[in-house]
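Chemist: Residue numbers (our numbering), protein chains in the order written: chain S, 3 to 540; chain G, 3 to 540.
Hints are computed from structural coordinates only; laboratory data are not their basis.
Check the hints yourself; a few may be wrong.
Under the rule of at most 25 angstroms between Cα atoms (straight-line distance), these lysine-lysine pairs were calculated in the DSS-like manner [what the hints assert, rightly or not]:
id, chain 1, residue 1, chain 2, residue 2
1, S, K287, S, K249
2, G, K267, G, K250
3, S, K219, S, K207
4, S, K418, S, K287
5, S, K18, G, K392
6, S, K392, G, K18
7, S, K219, S, K124
8, S, K18, G, K84
9, S, K287, S, K258
10, G, K207, G, K219
11, G, K471, G, K392
12, S, K124, S, K204
13, S, K84, G, K392
14, G, K37, S, K37
15, G, K124, G, K18
16, S, K84, G, K84
17, G, K392, G, K418
18, S, K267, S, K207
19, S, K207, S, K372
20, S, K124, G, K84
21, S, K464, S, K392
22, S, K84, G, K250
23, G, K204, G, K250
24, G, K204, G, K219
There are 2 protein chains.
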Amino acid sequence: MAKPRKTPRPRAETPKGFRDYFGSDVTERAAMLGKIAEVYHRYGFDALESSAVETVEALGKFLPDVDRPNDGVFAWQDEDEKWLALRYDLTAPLARVYAQHRNDLPTPYRRYAMGPVWRNEKPGPGRFRQFYQCDADTVGTASMAADAEICAMLADTLEAVGIERGDYVVRVNNRKVLNGVLEATGVSDPEQQAAVLRTIDKFDKVGEAGVRELLGKGRLDASGAYIDGVGLSDIQMQPVMDFVQAKKIVLDRVEKELDSFADNKPIEYQQLLRVWSVERGPDGKRGLQHNAESYALLTARVLGFLNELIGSSTVGQEGVLELREISTLLLAQGYGPDRIVIDPSVVRGLGYYTGPVFEAELTFEILDEKGRPRQFGSVAGGGRYDDLVKRFTGQAVPATGVSIGVDRLLAALREKGRVGGEVEGPVVVTVMDRGRMADYQAMVGDLRRADIRAEVYLGNPKNFGNQMKYADRRGSPVAIIAGEDEFARDMVQIKDLILGARIAESATLEEWKERPSQVEVPRAQLVEKVREILEGQR
Amino acid sequence: MAKPRKTPRPRAETPKGFRDYFGSDVTERAAMLGKIAEVYHRYGFDALESSAVETVEALGKFLPDVDRPNDGVFAWQDEDEKWLALRYDLTAPLARVYAQHRNDLPTPYRRYAMGPVWRNEKPGPGRFRQFYQCDADTVGTASMAADAEICAMLADTLEAVGIERGDYVVRVNNRKVLNGVLEATGVSDPEQQAAVLRTIDKFDKVGEAGVRELLGKGRLDASGAYIDGVGLSDIQMQPVMDFVQAKKIVLDRVEKELDSFADNKPIEYQQLLRVWSVERGPDGKRGLQHNAESYALLTARVLGFLNELIGSSTVGQEGVLELREISTLLLAQGYGPDRIVIDPSVVRGLGYYTGPVFEAELTFEILDEKGRPRQFGSVAGGGRYDDLVKRFTGQAVPATGVSIGVDRLLAALREKGRVGGEVEGPVVVTVMDRGRMADYQAMVGDLRRADIRAEVYLGNPKNFGNQMKYADRRGSPVAIIAGEDEFARDMVQIKDLILGARIAESATLEEWKERPSQVEVPRAQLVEKVREILEGQR
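With the hints as extra help, turn the sequences into a complete structure.
Modeler: Given below as structure tokens:
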């Protein structure tokens, strides 16, 4: 008789694009999110944890022509034929929650949310299909004070988790100004406007010449493929390029102006000189900062230049006014250009922003995979979006918010040595005599009651070498050893594993004698001595 | 021309059986989990956050005869035809993680995990399709010290989150003893054994008579439906009933024994009397506790009785020895019957346990939905399961662990007033003059820097009543008021909203005069005065 076919063993692996997080990867992230939550809480934001599963209808992720949800989400059909999906961000669920509970929520509603989101996208190196987001949003107010508050909170948050002032900058712009520029230059087709937006968002990647090509006829990219352009004429293109490079142009003008003065210097000469020195001159690199006057002057010049670009566009004028208001509110609270700046080069690719947009950038340098220095770059971004709730209720509800890239920020903190430095391993009580397990357990009990992380070795105790290897793998700072001999004399051996490793590596005979890595103490002094060693290791 | 049909608006609601958590529901749970994580960490357990999505193959959730995953999980087919699913617990993913990473993990591997799990089950009142679990497991050791450790950790955990000693008890039993009883009585069919297990797990619900019916021929349940019985004969049934009621029978015997003594009392008479008094007598209800001797005596009697029931069954003898070992280890560490007890009535329904099983029960009374007092009941359970990793690797890997019912434990803490009592609302700075927004923002900035939760009212400021309603909805303890008049004099009004509410309700004129709920102070004293009021409210 043939043997019945066995079911093959399942493969022990995560699905493609998913991963597990171990030990400090989990606890360091939790600690960072805890610090962020504290700041958000202090700003009056309330926690919200929405369901991870939403109806596809509520997420709005149906492709127009097909009856299956869009590929970007993980979706399935419920037993009652409804399509459900995992949330792909925390903003779409917020819109649903607000629409559903608006009568029970305060207006405006400030909320923060932290948790995983899922994207059904092609995974790649460092690109996962489940990752954390951490958002704060204010729903139900059109006031620029809400946007200013989010920017200030973002700056406070970065400092709270350990990014020092000077190592980051929050850049603020306004989408309406760009719309005004486009209006003034006659680009009125919304799809063309969106294409312009996506194009200038690539400025960092393809540079000025690349953006010009892409805004115009198109461009042969590095792979040899031809990318169609947006189709703007040179005349239409110029104000757009000027908008993105507004600050540069303003500084060029300041430079010329300074050159033009001979003996006859105007009252604002000192401030103009300071603007130039901070932004362009060698003094800036040596740490010269704006003062209130020089930054006010620069901002006024930039906003004035934007006013030139938007001409008589109403929406453009609104945008400039909004930028000015945010700037004023922030300066009044002491958030100067060392933390938050107005910067027309920030556009943010997402189509749904309708007014202010902001981005937090880390300005310190790291080495890229090829060892070249580069700026760490963006770790958070957001802006105002006034139409997300409307899908549900028919009424526009103004909202603004920010999303922190949790993994990127955590990577930045590691880069800066702000996390990952602690000794986390437990004290390991080794087992010399299986029959003494209750005594070993009593030892760890004593250590834990003294708030010292400790565990008994629970593997096969026969081979003592394995126990020491285990302690090593656990990153243990200290091992406890007690066999029949020690129990008879009511003593324990305490081994300093950190010192032991150092001695094994490099100690001289003198060092070895002076501070042996293993000491014997009475059982009653176990806790005291372990604590002393742990403190010495810090 | 007909109007183009509009897409209907999406419904703003969670899918059936899912819910959102707001504010303190989120933060109180996070705080509780944080305290639990601290205890687990101190015991040497490492955090693990596995992917929320697993292959259905790894979860083992395929029904034998169909090519679709079992209804219990939310599953969908990936673009490469693989079935993926949301995890339904944290144990199956642990088995997969251990099998996948076993060469990089310490042996034994102690890990804890906290997070949502998803069940594709019929939702009901208080029964959701997404909920939190919080597990700790030790994988890779057969030592009873691992089980004892988990029980001790569970007791420590309950106390750490705020359940006082005396308000809980961890009960320990061993599945092998039951198997031994069944072996001794000739029930050897595994399916029948499993049916016995499920039946005696219903003891609390259907009582002794009900269990007898279900173990025998069957039973007419309350709804009138006939439930088939397991089909044991009366002779087979008796040892099973004795097993479940072992403690009761032992105490009956103690009672008889005490009655039988006249003048001729044995040495252990005092301990026997204490056993009876604590467990049965009025002294127990008055708080008399076991001492080491009386509890040792009771345990010895219970284990002795179990030995009678299992006869010569090898597995049964193993079970009794394991129970004795756990009991000895725990007593040596000081975990007496006020925290952890041996109790043969605990069986836990899950089929996969292979040895020790445990359950944490809260013993204080609450009122049920009909106002009748009842014990709060189980909040955590677990046991040893030795076969979960084998599915992947072919090798049996011993493991033991516990799972805390996060929502139930949080409900218990609320019941005990351990969470939910704090004032969490922010100080609200009202807006009397829109043009002064920067000044209002500066006020909240000062408050926040002093670690006081504060926010500016960002709704439409026209109607001051709406601002006070908003403050009320936010649970604000204090409101700040400053209009032109106050700004001109550099003063602010500070309104104590808690006191204000109390006065509005019940104050006498004297109280009102003595401690008015609104005071005016110089702007420079804002923070100081607010802090004073907040401290007064505690």
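Chemist: Evaluate each hint against the coordinates.
Modeler: Results for each hint:
1. S:K287 - S:K249: Holds, at about 18 angstroms.
2. G:K267 - G:K250: The hint holds at about 23 angstroms.
3. S:K219 - S:K207: holds (18 angstroms)
4. S:K418 - S:K287: holds (21 angstroms)
5. S:K18 - G:K392: holds (23 angstroms)
6. S:K392 - G:K18: holds (23 angstroms)
7. S:K219 - S:K124: violated (30 angstroms)
8. S:K18 - G:K84: Holds - the C-alpha atoms of G:K84 and S:K18 are around 10 angstroms apart, at most 25 angstroms.
9. S:K287 - S:K258: At roughly 21 angstroms apart (the allowed maximum being 25 angstroms), S:K258 and S:K287 satisfy the hint.
10. G:K207 - G:K219: Satisfied, since the Cα-Cα distance of roughly 18 angstroms is no more than 25 angstroms.
11. G:K471 - G:K392: This hinted pair is violated, its Cα atoms lying about 61 angstroms apart.
12. S:K124 - S:K204: Holds. S:K124 to S:K204 sits at ~21 angstroms (cutoff 25 angstroms).
13. S:K84 - G:K392: Distance ~37 angstroms between S:K84 and G:K392 Cα, so the pair is violated.
14. G:K37 - S:K37: holds (16 angstroms)
15. G:K124 - G:K18: holds (9 angstroms)
16. S:K84 - G:K84: Distance of about 22 angstroms is within 25 angstroms: holds.
17. G:K392 - G:K418: The hint is violated at about 42 angstroms.
18. S:K267 - S:K207: violated (41 angstroms)
19. S:K207 - S:K372: holds (17 angstroms)
20. S:K124 - G:K84: holds (15 angstroms)
21. S:K464 - S:K392: violated (69 angstroms)
22. S:K84 - G:K250: Violated, at roughly 52 angstroms.
23. G:K204 - G:K250: holds (17 angstroms)
24. G:K204 - G:K219: Since the Cα atoms of G:K204 and G:K219 sit roughly 16 angstroms apart, the hinted pair holds (cutoff 25 angstroms).
Comparing the model with each earlier hint shows violations of hints 7, 11, 13, 17, 18, 21, 22; every other hint is respected.
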